[in-house]
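So the sequence lines, in the order shown, correspond to chains A and B. For the first sequence, the working numbering begins at 300 and goes up steadily by one. For the second sequence, the working numbering begins at 12 and goes up steadily by one.
Since the hints were made in silico from the structure, they are not lab data. Some hints here could point you the wrong way.
Listed next, the stretches of chain A that the computed footprint assigns to chain B, with coverage defined by at least 3 CB atoms under 8 Å from CB atoms of chain B [stated by the list, open to error]: (1) 330-337; (2) 340-348; (3) 401-410.
Glycine residues also receive a C-beta, built at the ideal position from the N, C-alpha and C atoms.
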Amino acid sequence: EDQVTQSPEALRLQEGESSSLNCSYTVSGLRGLFWYRQDPGKGPEFLFTLYSAGEEKEKERLKATLTKKESFLHITAPKPEDSATYLCAVPRDAGNNRKLIWGLGTSLAVNP
Amino acid sequence: ETGVTQSPTHLIKTRGQQVTLRCSSQSGHNTVSWYQQALGQGPQFIFQYYREEENGRGNFPPRFSGLQFPNYSSELNVNALELDDSALYLCASSSPTSGRRADTQYFGPGTRLTVL
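Isolated chain B (complex conformation) (with noise of 0.2 Å):
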């Protein structure tokens, strides 16, 4: 079983710039959540994608944009790159349970993303 993959693994970019980060979902997984962590932080949810819809969204502005493809991989997009947007991208696959009872989302290694 192939775990949550994420690419590029680092990244530096400079203000005003955008970027795009990549992630491949857990085999059998067709729901796939993105977060921001700061450093000392816990994540932050951005948004999460079911079966190529969004479904649900956090306190982030639209510049954060995202995909999702028939495979179930992601893509997270951010436009107008700004300083604090440095950060590892996380992002999670799960697979949604019946009933009251939360999915387990399993994450991917990370993105670092550096901006200048």
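Chain A on its own, in the form it takes in the complex (with noise of 0.2 Å):
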């Protein structure tokens, strides 16, 4: 069965302390994968989309990268506005169209 898993599911850093959230797939023949940031009540916001093994993309703090199991989403001297919930997703074709699958997220929380 398609599958996204988020890892972990909340996050707690220091301002300043680096780390990484990771998003693995089950999904076949990846078409690309999605990076979204969400603040509460407020539709998701793109962040990055990845094609193939072995690409990264990167914007200020973030950089993700990706595997052909997994992608991860590293977050360098976090700042206290980074905190939101970050999603991931992949496509998956069913016929013409191509749906989303989401993971859970991860809610990543920084503090000052």
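Can you join these two chains into the complex? Each is in its own frame, and there are hints to help.
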């Protein structure tokens, strides 16, 4: 069964304390992996799309990497404003439709 | 470039009523997907519209229906509301890419629906 699993469920960091979030997937024939940030009660904000194993993308303090079975979101020297839920999603083809399958997210809290 | 917008922001309905949620896609996007997100969960796919036609549906009953208009804006209609329909409803727009790569979906701010 196609599945996306994120770990840890929750993470609390001190400001400046770097860490990594994990997203593992079992979808065959990966056609992309998406990372989003979501603040409480708001829609997901797009961060990165990764398509191939070995691919890396960076944006400010965030860096996303992809292997054949999982993706990591590395957060370097986080700030309190990085506190949010980080979601990953992969598309699964069903005919012409590419619906996204989502993990439950990692809730990140960064303390000043 | 205008992003994805949704209306209303919040909505309170009672069980058995009907509701219509609206979404305007990002400029240049012809595909709209709708998701339901319960508290503490990832979004669940409801359906997708591409060029005014339904282009796939998730595991939601027929009382969830939708439309897409010629300007690619979209509506989500839910009939006979149930308590479990209380959730954040998200609309995402995208533009199909060629080849195997999946297109990136950009989300609106969501509509918070509360069913009493």
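Against the structure, the hints come out as follows:
1. 330-337: holds (count 4)
2. 340-348: holds (count 7)
3. 401-410: holds (count 4)
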